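**Q** Residue-level listing of the chains:
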Amino acid sequence: MADRRSEAVWGKLAAHAATRGGRVSVVDVCAVAGERAQVTGAWVAASTNGQPDFVMCVTDLVCEQLAELQLTLGEGPGIDVLASAAPVLASDLGDAESVRRWPAFAPEARELGAEAVFAFPLMAGAIRAGVMGLYRGSAGSLPDGLLGDLLILADIATLMLLDAADSDADRGAGTSLEGQTPDLALHRAQIDQATGMLTVQLAVSAAEAFARLRAYAYSQDRRLADVAGDIVARRLRLHPDLRQDGDP
Amino acid sequence: MDTYLLSNTFVDLADTLVADFDVIDFLHMLTDRSVALLSASAAGVTLADPRGELRLAASSNEAAGLLELFQLQNDQGPCLDCFRTGQPVTAADLTGPAQQWPRFAMAATEAGFRRVEALPMRLRDQVIGALNLFRVDPAPFDPAELRIGQALADVATIGLLHERNVRRTETVAEQLQRALNSRVVIEQAKGKLAERLGMDMDQAFGLLRDYARNSNQRLTDVAANFVNSATADFPPPPRPRPAQSRN
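Chain order of the listed sequences is A and B.
Our numbering runs 886 ahead of the 1-based position in the first sequence.
Our numbering runs 64 ahead of the 1-based position in the second sequence.
Calculated from the structure, these hints are not laboratory results.
All values derive from a computational prediction rather than experimental measurement.
Don't take every hint at face value.
Stated by the list, open to error - Partial chain A-side listing against chain B, Cβ under 10 Å, derived: (1) S1027; (2) D1041; (3) H1073.
Unchecked claim - Derived CB-CB ranges, DEER-like: (4) A:G980 with B:V82: 48 to 58 Å; (5) B:V82 with A:G960: 41 to 51 Å; (6) A:R1121 with B:S103: 33 to 43 Å; (7) B:A78 with A:A990: 47 to 57 Å.
Said to hold, decoys possible - Sample of chain A residues lacking proximity to chain B, with all beta carbon distances greater than 12 Å (derived): (8) G897; (9) K898; (10) G907; (11) F940; (12) S977; (13) G999; (14) L1028; (15) L1036; (16) D1078; (17) T1081; (18) A1095; (19) F1096; (20) D1127.
Think of the CB as a built atom: it goes at the ideal place given N, C-alpha and C, for glycine as much as any other residue.
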């Protein structure tokens, strides 16, 4: 049932990209997340040195200011979210809890026009890719039942950031998945185990290992979970040199 | 029932709850004790991900067949029904004809199980997951055992929601996501360690957990440090815990 929900979310992204006339990207994630959550704005920032310091897209100027403000002050939901490994949902920046938690950020964010900020970690286990942020000009919780869609959008944004980073690393043609419909059946223990195994087989970071696993599955036109199962069962090894991928 | 083990279990669980504990390690201990106390052959805790999926947080063993059974229950099975109704659900006589969940029954039988009980983890009117008990013997669980099982499911709920001194406004959803991500970190670490030392996933988990306990660190922290370590050496070189903005 989760796969169907993921597919529905992907369908919305694809529709948005089509009206824009481009391939699905984090721009569409921001737009769709903002619309679905009925908030004022949305942004996605990639994490480079443990902080979400590379803003990839914003839907308005306030988003950019909020992202920068948190980096400058070193506090805010978007900073907490990666250490916390969970969404940080600040539905009222004027309440005592928010002021106690972010004494500098909360009042300044409100001056910028944000009364509520919701931050989602872009992560997969120990892999930290960035942050997806939402803000609203009025206080209040997210609409009921919407958290699942936002978590799926965050998963998709995570894949996009990891793929982009992997292509930037220039580790050979054929590993990029940019613009392709991702295999969204991500939550299987064997995928995580295979990612861990590949960090050793390929001597790369977990982020790169995960990107290589996905690229291999895509290049073989196989499901991610099936390829992961073969790696965990030690029927398949990947090699630092792509041409040697195959049997153990 | 072993009353000495029973009282010890609740003492141990309570001890864990007052310490700075790791939620996955805690749930894993709970599934181990469920097996020991309740004449179950295996046990697992599944959590409801708001993405619309039931995900395994901890199980008493990591046999692939058992993991498959949890995954399969996203489509059908006692765990899914328990989550939907908030009531205990029994799958009895899994080898008989006219199965309520035919695919689940076949997979469970293949894995050697004849009876399954799913006990709800409830927080007021919300069901956040289930404690699943698997039995090789098709005989029903003793009603007294099931009452203890439900008490253990309730303790699992408390443990999950009280991990770290939870901020007042932190939602259940935030805590569930943290627990689910911890599980992913641990799976990644198991894979890295299994590959490095040529062992199976169950052995890798045991090594990670023993090291965390002996070095007085949280299992998830050990796992994350190892996954993010530039080398595959285990244990990873010590590293200060990341600065936390939480209080």
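**Q** Taking the hints in turn, state whether each one holds.
**A** Here is what the structure says about each hint:
A hinted interface residue such as S1027 (chain A) counts as satisfied when its beta carbon comes closer than 10 Å to some beta carbon of chain B; here the least separation is about 9 Å, so the hint holds. Look at D1041 (chain A): its Cβ gets to within about 8 Å of chain B, closer than 10 Å, so that hint holds up. Hint on H1073 (chain A) holds. Least Cβ distance to chain B is approximately 6 Å, under the 10 Å limit. A hinted range of 48 to 58 Å for the beta carbons of G980 (chain A) and V82 (chain B) is inconsistent with their spacing of about 34 Å.
Between V82 (chain B) and G960 (chain A) the CB atoms are about 32 Å apart, so this pair departs from the stated range of 41 to 51 Å. One distance hint, 33 to 43 Å for the beta-carbon pair R1121 (chain A) and S103 (chain B), holds here, with the actual separation near 37 Å. For the pair A78 (chain B) and A990 (chain A), the beta carbons lie near 39 Å from each other, so the given range of 47 to 57 Å is not met. No Cβ of chain B approaches the Cβ of G897 (chain A) within 12 Å, the least distance being about 15 Å, so the stated non-interface status holds.
Taking the minimum C-beta to C-beta distance to chain B, about 15 Å, the non-interface status of K898 (chain A) holds against the 12 Å cut. At the 12 Å boundary, the C-beta of G907 (chain A) stays outside the reach of chain B, the nearest C-beta of that chain being 30 Å off. Against chain B, the non-interface label of F940 (chain A) holds: every CB pair exceeds 12 Å, the least being about 19 Å. Not every CB of chain B lies more than 12 Å from the CB of S977 (chain A), the least distance being 8 Å, so the non-interface label is violated.
For G999 (chain A), the condition that its CB be more than 12 Å from all CB atoms of chain B holds, with the nearest at approximately 22 Å. The claim that L1028 (chain A) is not at the interface with chain B is violated, since a C-beta of that chain comes within 12 Å of its own (minimum 10 Å). A cut-off of 12 Å between C-beta atoms contradicts the statement that L1036 (chain A) is not in contact with chain B; the least separation is 9 Å. Interface exclusion of D1078 (chain A) from chain B breaks down, the closest Cβ pair being 3 Å apart, not more than 12 Å.
For T1081 (chain A), the non-interface assignment is contradicted: its Cβ lies about 5 Å from the closest Cβ of chain B, within the 12 Å cut-off. For A1095 (chain A), the shortest C-beta to C-beta distance to chain B comes to about 9 Å, within the 12 Å cut-off, and the non-interface label is violated. The beta carbon of F1096 (chain A) is not kept farther than 12 Å from every beta carbon of chain B, the shortest such distance being approximately 9 Å. Here D1127 (chain A) stays apart from chain B, with its beta-carbon at least about 18 Å from theirs, past the 12 Å limit.
In the structure shown, a violation is registered for the earlier hints numbered 4, 5, 7, 12, 14, 15, 16, 17, 18 and 19, in ascending order.
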